[in-house]
Structure formats: structure tokens, C-alpha cells
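Chains A and B, in that order, give the protein sequences.
Counting from 1, position 7 in the first sequence corresponds to residue 7 in the numbering used here; the numbering is continuous, with no gaps.
Positions in the second sequence are counted from 1; adding 276 to them yields the numbering used here.
Treat the hints with care, since some could be wrong.
Some residues of chain B that are not near chain A, with every Cβ distance over 10 Å (derived) [claimed, not checked]: (1) 306; (2) 327; (3) 330; (4) 339; (5) 340; (6) 353; (7) 387; (8) 413; (9) 419; (10) 421; (11) 457; (12) 526.
Here are the in silico distance ranges between beta carbons for each label pair [stated by the list, open to error]: (13) A:103 to B:324: 56 to 66 Å; (14) B:333 to A:103: 53 to 63 Å; (15) A:52 to B:304: 56 to 66 Å; (16) B:324 to A:133: 35 to 45 Å; (17) A:104 to B:467: 46 to 56 Å; (18) B:525 to A:10: 49 to 59 Å; (19) B:293 to A:59: 27 to 37 Å; (20) A:104 to B:373: 40 to 50 Å; (21) A:8 to B:296: 53 to 63 Å; (22) B:411 to A:55: 46 to 56 Å; (23) B:337 to A:104: 44 to 54 Å.
These aren't lab readings, by the way, just hints derived from the structure by calculation.
Just so you know, these numbers come straight off a predicted model, no measurement behind them.
Where is the CB? At the ideal position from N, CA and C, for every residue including glycine.
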Amino acid sequence: MSLPSQGRRPWTFYVLSVMFTLFVLFLYGPMFIMFILSFQGPTGGLVFPMRGFSFTWFAALFGQARTGDVGGAFSRSLPLALIVMVLTVLISVTAGFAFRRRFVGSGFLFYTAVASLIVPGLVLSIGILVTARVLGIPARWWFTGLGAHLSWTLPFGLLIMFAILGRLSPSYEGRPTHGATRWQTVRSTSVIPIVFPGMIAVALFGFTLSYDEFPRSWLTVGSLNTLPIEIWTMTTNVTSPALYALGTVTSAISFVAIGLAIGSIAYIQHRRSKRT
Amino acid sequence: MKPNRLLTYLQVTPLFLVLLFFVIVPLALVLIVSFFRYQMLVGLVPDFTFKNYIDLLSNPTSWKLYFSTIKFTLIVLAITGVLGFWVAYFLVFHVRNLLIAIALFLVCTVPFWTSNIIRMISWRPVLGTEGLINTALLESGLVGEPISWLLFSDFAVIVAYVHLFTLFMIVPIFNAMARIDKALLEAAVDAGATRWGVVWNVVLPLSKTGIALGAVFVVTLVMGDFFVVAVMSGGLSGSATSGIFNDLQFLNYPRAAANAVVLLIIVLLIATAIFRLVDVRKELVR
């Protein structure tokens, strides 16, 4: 009797390989079918067969009359996601370093962040809307929407920073040795090389989670929709492949963000491993 | 106060402010508003009444909605738990090249960073009556007419949940398993354990924190969901949150708030129960 990680591959390897392959197909299959169907010809419908190949539905997407304000939704969702990304990185990195020391209220802050992760998005959405009403400010995507998104991205950012900083010996930071200034310590001794890939991961979470967030956006963005809300209204109104075309476009943007993040992390690790 | 300590507080201030204004105050206000009175056309009327809660709890529909939500939660928990455990087990213990394991792990996590709504919509051309599965079944002659319960049914809801949420199980279980010292498994085998015994007595207990963390995510995501149920069941099924959704469309904030409080209490009870079983904080901070 041997371990699965040694010697001849056991039969379970093949069973689990098949299961894993089926799972990946289940994960990606429908998405790729949607990508294909978004290139339907002008007379094509929501299902196979393909009636020709065209970009008709992509063009229809940005003509206001047919599908609502998709262009406007993009012009709000992208900047919002970028702002959320920058703020998530700044706030979770600084807070991540602070959590390396014990301080009064650290437990409370930690559990509030965890609670923010667990609370159903719609519940928080109601709460933020009511808060805005009490304070007499209208709900706007760049204010209440931004806050709602941060309540979702910051806990993830914080947990990633905990995982990253756990690998950092406390002696690296804060205690300038042999005459190095604080900044020199930060820059040269592993702090930046270790923290930087983590920051990219936090940025990826900040951007994509904000860009795709629906429940926390629903009541908090005000009268001008962000993209996921626009898609949500389209699911009930639009019965043409334009819906799939929108899916293809937003997925492409997500994939570019993911590719950039994973690519740059891999590049940094590669350079670091070559240097040592 | 030492300057170092002051710096620490300055460093957490932005986080604290965001959590205060967008989590703590909003949740407190939801609790307060749930005791307010609702009046047509006026909306919120400050009051202290249990009417919203009584309305909610005496209404058979809300019991039905909660029952259906809990049913979905348990089914999805079971499926994603088993699937997540074996996918993680495969990646950690069967794939021998670390780079390939990381690549396959990323393949499992990439959909997390794409739109949930889009991924859900993408099931339509697959499950619909003219969709891929029905077309294949019809053409192969296995069925005489399209199966109608594939889309707009409880089945479709569960498929979508498993599709969207399994990776919330895979990631924490993978993390827990990756930390298991392989020497421990060798020792177990040397001591005469069967391969199944190693999985059951060594791997499973050591993955407990991962499973617990994944379970908390799946429970809160399913219980807090309303749009998967709305789209995939075609309005045939509901969830606890779809009750809130309906109240909000009639601008009945007090009853929506009361419903939200009840939901929140149930979710937090389940989460603390799971956190009690396993010390997840140790796992997270480690």
C-alpha cells in the first residue's frame, strides 16, 4: 500500500482526473458556449444553431434604443472599479501592517471585517441606503456605491495581507539596523519583494469584485446604473444575443485584468528566483 | 503614547472609517428601522412596534421561503463540500508537479473573478428547452420531447449555485491540505493504515478548518442570494431574500428591515456555530 504521491499511479488518480476534467468542463463550458453564441448572425437566436457569423449583436449593444444604457454603465463601472482597486490596496496594506502589532480594538476591527464578508449583500445595501437617507445625502455610485463596494473588497484585501505578512519576519520592518534609514529597510530587505505580489493580488480582488458586484450595488448606486445592474435589467427585457455579446465583452475585460495580475506576479517571482 | 502606537492607530483609521460608515452604522440602522412603522405614500414613520416582525412570522409565505432557502443551503453545502474536498485532494496529493498543481488551482479560481450574473445567464443556452442538452437528447432519440425541468426549476437553481460557489470550498480546503506534512501520511501508511484510512483519519481531520471556512462562505452566499433563485427558477421558487426584494419594490422598508434582521440572525448563528467547532481565526491569522 503506497501513497498517491509516490510510485505507480493508483487507480484513484484516474478516477479523480476524470472527475476534475468534468468539473472544469462544467465550470467553463457554458461560458464558452455563450461566447460562441454572441457571434450569431443577424437572424440568429438565443440557442444553437448558429445562423452565420457576425458582430451584429456587439454593435447593437451600444445603440441605446435597443438595449438600454450599456455605454453609460461601462463609463461608471470601470472608473468605480479602478477607484475601489486603488483604495483597497492602500487601506488593506496599511491596516495589514498595523495588525502585526497588538492594539486595543484589533479584535473588534477584525471581527467587523469578517462580519462585513458574511452579511448578505442585500441587507447591507438596505442599511447603506437608509444611512444615506438619514444623513440627507442621495445615493450615488461614486459615494454610497463606492463605500458598499469597499465593505466587500476590504475584508478580502485584509485576509490576503494577513497571509502575505505572516511570511514576513517582524525584524524586517520598523527596526532600522546598522544605520539604514527606515525607508531603506523597507525597500531593500524583502519587505517590498514579499509584499508587492500580495498587493497585486489585492488589486485584482479589488477591481474584479467591484466590477462584478450586484447585491451591494443594487440600492446604493442611485439612479445611474453600474454594469451588473444593467445586465440584470437586460435579463428580463432583452431576448436577443446582445445579452450574450455583453457577457462576452465584460468577461473579456475580467480576463484581461486576471491575466495582467497573474502574469505580473509570475514575472516578479521569476525574476526573484533568478536573482537568488 | 509612544509614537509607534500612534502610528498603528493611524494605519487602521481608514479601515475603521469605512467599516463604521458602511457596515456598523448601516446594520444598526437596519435594526432600528425594523421597529418603525410603514405608511403608504409616506414611507418610514419612526415608532417602536413589533408589527413588522409579527407580520413576518405569522405569514406562512415567509416560513415557506425560509424553508426553501434552508433546503437549498443544505443540498448545495453537501454537493460543494464533497466536490471541493475531492478536487482539492486531487490537486494536493495526486498532482506531483507543484507548478501544474498551481496552474490547475488557478483554473478553478479564475471564474471567481468574473461576473456571477454572466456565468448564470450562460446556463440558458445549455439547459433551455431548445438548449444543448435537450437538443442532444432529442437527436439521440433518448427522449421523445424536451425535458422541461432542466431550466426554470429547483434543479437549475442548484446547478447554478454549485457552479458559482464550489470554488469557495476548493480554495480554503486546498489551503488547509497544502499545509499537511506529507511525512505524516507516510507515517500513517507505515503504521499500516489503508489509503482510504489515511484520507478518513488523517487528511479529513486536518482539512477541517478549510471545510468550515468554505461552509461559512457557501451558507452565507446561498442564504443571502436572491438573483440566482429569481433567474434560474423563472420565479417559481423564492428565497428568504426574495421576500426582502419584494418588500423593497413596494418601498416597505420597515418590513424589509425586519426580514433582513431575521436573516442576519440566522446567518450569524450558523456562522458562529461553525466558528465554534473550529478555531478559524487561528487559521486566518496564521
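(request) State the violated hints by number, sorted upward, taking the hints as numbered earlier in the document. (result) 1, 7, 13, 14, 16, 19, 22
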